[in-house]
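**Student:** Taking the hints into account, I'd like the entire structure generated from these sequences.
Respectively, the protein sequence lines represent chains A and B.
For the first sequence, the numbering used here gives the first residue as 1, with consecutive numbering after it.
For the second sequence, the numbering used here gives the first residue as 1, with consecutive numbering after it.
Hints in this document: simulated from the structure, not taken from any laboratory.
Quick caveat, the model's predicted, so the values are computed rather than measured.
Some hints could be false.
If chains are identical, the list can't say which one is meant, so a pair holds when it fits in one copy or spans any two.
[As the list claims (entries may be wrong)] EDC-like mimics (lysine to aspartate or glutamate), calculated; alpha carbons at most 16 Å apart, straight line:
hint, residue 1, residue 2
1, K384, D353
2, K242, D227
3, K63, D87
4, K63, E73
5, K63, E51
Number of protein chains: 2
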Amino acid sequence: MASQQFEPPSGTRDFLAADLRVRDHVFSVIREVFERYGFEPLQTPAFERLETLTGKYGDENDKLIFKILRRGEHEASGEADLALRYDMTVPLARVVAAYGSQLPTPYKRFAMGPVWRADRPGKGRFREFAQCDVDVVGSASPLADAEVVCAVADALDATGVGDFRVLVNSRRALTGLLEVYGVAAEVGGGVLITLDKLDKLAPGDVVRELVDARSLDTLTAEALVGDLTAEDAVERMRTVLKDSEEGRAGLAEIDRLLDLAGPTVGVGRIAFTPSLVRGLDYYTGVIFEVVAAGMPGSIASGGRYDRLIAALGGPDVPACGGSLGVERIIGLLSNAEEESRRIDVAVTVMDQDSLAEVMAFTSGLRSAGLRSEVYLGSSRKLAKQLKWAADRRARYALIYGQQERAEGMVTVRDMDSGEQNQVPVDQLASHLRGR
Amino acid sequence: MASQQFEPPSGTRDFLAADLRVRDHVFSVIREVFERYGFEPLQTPAFERLETLTGKYGDENDKLIFKILRRGEHEASGEADLALRYDMTVPLARVVAAYGSQLPTPYKRFAMGPVWRADRPGKGRFREFAQCDVDVVGSASPLADAEVVCAVADALDATGVGDFRVLVNSRRALTGLLEVYGVAAEVGGGVLITLDKLDKLAPGDVVRELVDARSLDTLTAEALVGDLTAEDAVERMRTVLKDSEEGRAGLAEIDRLLDLAGPTVGVGRIAFTPSLVRGLDYYTGVIFEVVAAGMPGSIASGGRYDRLIAALGGPDVPACGGSLGVERIIGLLSNAEEESRRIDVAVTVMDQDSLAEVMAFTSGLRSAGLRSEVYLGSSRKLAKQLKWAADRRARYALIYGQQERAEGMVTVRDMDSGEQNQVPVDQLASHLRGR
Numbered sequence: 001m002a003s004q005q006f007e008p009p010s011g012t013r014d015f016l017a018a019d020l021r022v023r024d025h026v027f028s029v030i031r032e033v034f035e036r037y038g039f040e041p042l043q044t045p046a047f048e049r050l051e052t053l054t055g056k057y058g059d060e061n062d063k064l065i066f067k068i069l070r071r072g073e074h075e076a077s078g079e080a081d082l083a084l085r086y087d088m089t090v091p092l093a094r095v096v097a098a099y100g101s102q103l104p105t106p107y108k109r110f111a112m113g114p115v116w117r118a119d120r121p122g123k124g125r126f127r128e129f130a131q132c133d134v135d136v137v138g139s140a141s142p143l144a145d146a147e148v149v150c151a152v153a154d155a156l157d158a159t160g161v162g163d164f165r166v167l168v169n170s171r172r173a174l175t176g177l178l179e180v181y182g183v184a185a186e187v188g189g190g191v192l193i194t195l196d197k198l199d200k201l202a203p204g205d206v207v208r209e210l211v212d213a214r215s216l217d218t219l220t221a222e223a224l225v226g227d228l229t230a231e232d233a234v235e236r237m238r239t240v241l242k243d244s245e246e247g248r249a250g251l252a253e254i255d256r257l258l259d260l261a262g263p264t265v266g267v268g269r270i271a272f273t274p275s276l277v278r279g280l281d282y283y284t285g286v287i288f289e290v291v292a293a294g295m296p297g298s299i300a301s302g303g304r305y306d307r308l309i310a311a312l313g314g315p316d317v318p319a320c321g322g323s324l325g326v327e328r329i330i331g332l333l334s335n336a337e338e339e340s341r342r343i344d345v346a347v348t349v350m351d352q353d354s355l356a357e358v359m360a361f362t363s364g365l366r367s368a369g370l371r372s373e374v375y376l377g378s379s380r381k382l383a384k385q386l387k388w389a390a391d392r393r394a395r396y397a398l399i400y401g402q403q404e405r406a407e408g409m410v411t412v413r414d415m416d417s418g419e420q421n422q423v424p425v426d427q428l429a430s431h432l433r434g435r
Numbered sequence: 001m002a003s004q005q006f007e008p009p010s011g012t013r014d015f016l017a018a019d020l021r022v023r024d025h026v027f028s029v030i031r032e033v034f035e036r037y038g039f040e041p042l043q044t045p046a047f048e049r050l051e052t053l054t055g056k057y058g059d060e061n062d063k064l065i066f067k068i069l070r071r072g073e074h075e076a077s078g079e080a081d082l083a084l085r086y087d088m089t090v091p092l093a094r095v096v097a098a099y100g101s102q103l104p105t106p107y108k109r110f111a112m113g114p115v116w117r118a119d120r121p122g123k124g125r126f127r128e129f130a131q132c133d134v135d136v137v138g139s140a141s142p143l144a145d146a147e148v149v150c151a152v153a154d155a156l157d158a159t160g161v162g163d164f165r166v167l168v169n170s171r172r173a174l175t176g177l178l179e180v181y182g183v184a185a186e187v188g189g190g191v192l193i194t195l196d197k198l199d200k201l202a203p204g205d206v207v208r209e210l211v212d213a214r215s216l217d218t219l220t221a222e223a224l225v226g227d228l229t230a231e232d233a234v235e236r237m238r239t240v241l242k243d244s245e246e247g248r249a250g251l252a253e254i255d256r257l258l259d260l261a262g263p264t265v266g267v268g269r270i271a272f273t274p275s276l277v278r279g280l281d282y283y284t285g286v287i288f289e290v291v292a293a294g295m296p297g298s299i300a301s302g303g304r305y306d307r308l309i310a311a312l313g314g315p316d317v318p319a320c321g322g323s324l325g326v327e328r329i330i331g332l333l334s335n336a337e338e339e340s341r342r343i344d345v346a347v348t349v350m351d352q353d354s355l356a357e358v359m360a361f362t363s364g365l366r367s368a369g370l371r372s373e374v375y376l377g378s379s380r381k382l383a384k385q386l387k388w389a390a391d392r393r394a395r396y397a398l399i400y401g402q403q404e405r406a407e408g409m410v411t412v413r414d415m416d417s418g419e420q421n422q423v424p425v426d427q428l429a430s431h432l433r434g435r
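**Tutor:** In structure tokens form, the structure reads like this:
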């Protein structure tokens, strides 16, 4: 932990080498998968014009936007004109509006990087955290939904998360469901928000909230919750939804997705899940969530949102996408990570007259791709320098004292076994490279 | 260009795929070199507490700091409590103060990422731009200076910049020089700032500024500028500096650096350069600058700054470092970059009934590492889909119509030659992989 005075600002983190390497590795394997799918990287500025962001996230969330004070003579006004990126989707809408025909059609892009939200910091909740989004803008094809789901699942596999399941539903199926149960359209949104809590609350509590807060009658609420949480919920839904046109359309798009993505994701790892709701009201078609064994909540999610890009200020184009919970994934992997070696070769410095020679052969080691460090401290004692080599978790330490120099040799010490060998200076790189 | 309404904020940029790939490539090769030297990555938050930054950069520069408005009930105060990172050095000082003994000794770190300055935007001058710093904190050894210079030169080589020279001088040599010429200590700093303009102004103009603005007498100013700009400036300096203790110490550290770094950098690419000044007054030892053929200004620079970490709020430790002008380097490379292929395989969709099969063999191509895309548009026409494949600059297009499906074959079209072959579905990945 950082001593308090020098801690990073509340809700943010300093990433030292070990953590940063895990993060960079995760981003890098995800990037590789997305590129294989033909998704293109996009990077937008850390801040946007304030008016680009405000009004896009709802009143409560607008309060969480970090705003940047005007500068120079305008600073005293206390007004803001810029704001830190709150997510990757509003910048995407702006980019689609800005570059239109310069972008491929459809525009398949991924974005990875920090976003900032002035949330109350807590365990696993940060004010600066990474998001990782993959989206297809400008295609209404069910193949696009399938591509997103497959890319997300492949990316999770590549990070090594392993044991996960993809839950699938459709916003149209949910609309059909409400229709069949006679829920009035104007309370439908609220009912879905409450149903979304089925993975956290007991069924009875959800029924109570549906009655108290969403004004459903008790019978309807119990039937709805009963069907969604039944052992045979999938069969019940398949029957019930047939009575609604929206329901039938929803079922068809769910089956389409299972059909197209199943073979890639693994048929046993993807399933229609009637109780999956996704509270966000911008979804218009299939929706999905990925859950991992032993983890509460989801590690990825997404769906089709055909009207969102327009609502965010972009053109009116169909779109779908997914988001990986990279911070949670990194958290999973960091705990598992072993302490790894930091460097290959630690070069001790025994003789001030031979510094140039030491630098020269170290340079050769680096050219051969060996991670090598020269001792930069002030001690002349070998024992102290070998302790430094051990602290750096080097595989080998090199000793080049007066005797070695006279003989044109370098002593190579294996830091695990303590074994020492003499190797001619001009064979050092190939010798160490070979081991 | 973005249509104006949707442009990114003034002084910032959206990076679409082609540009972003060049940037990421440059960062990646630099990272690899620094890691080979045993430098560790560090990433600090985008913003710091305001008090961490203010007063560290001088009054003029303080105005360029982007400040973040307080939130919630405090927003109306118009006050700021946070500010965007202005450079990588102040965060380094904070990290060294915060994590002390958890860090290796010395702490060799590199940092790459955006910084933000509310400068007036202009050609090649941005408000959000990348910095790339490499530093050794906690070593007074001349080897540390040499390691920094070698790492910077190796990194430049790795990016492909090629034709560059490393100019070397020493702050102590400059102090000795002023001493020998009888320049009063209290005007010395100003004299050096003026001498720093020798690479931009005519010698006569520099003499004039030394007389007018720095109150040197004309004879001294002319002698100083004359010696620094002479053909045999190096020889003159080597003679002159012998008359001062600081001068002799400076010469010794310059020669040490040339001796240690010369073999790695290339002896012909590094040289003592008496007119190199580096305006920044925090340097205490050797200083360097890297210049590239045909480019005004420098593409990298650095030196020893033994008292800066303490001045910035960190502990009092010796340190040295260098900074790569990554934006300039990226600019050099972007102009040279060729249009590259975007994807390996474009998969057309001729038959709605075979979508699942198309997805399945595309998935196989991706597993084999081929960058593959499926057509997501609405046209059923082959010609239109082949135009899409050409727009995507695919190497191959695949056609899987009813006839191919009946025969278990896929038609592979070479997008350069137009040649078409039929390949069994189950041999597709190995066939394309092999070519």
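**Student:** Evaluate each hint against the coordinates.
**Tutor:** Structure-based check of all given hints:
no., hint, result
1, K384 to D353, "neither (20 Å within a copy, 72 Å between copies)"
2, K242 to D227, "within (15 Å within a copy, 94 Å between copies)"
3, K63 to D87, "within (14 Å within a copy, 28 Å between copies)"
4, K63 to E73, "between (26 Å within a copy, 10 Å between copies)"
5, K63 to E51, "within (14 Å within a copy, 24 Å between copies)"
Checked against the numbered hints given earlier, the structure breaks only hint 1 and satisfies all the rest.
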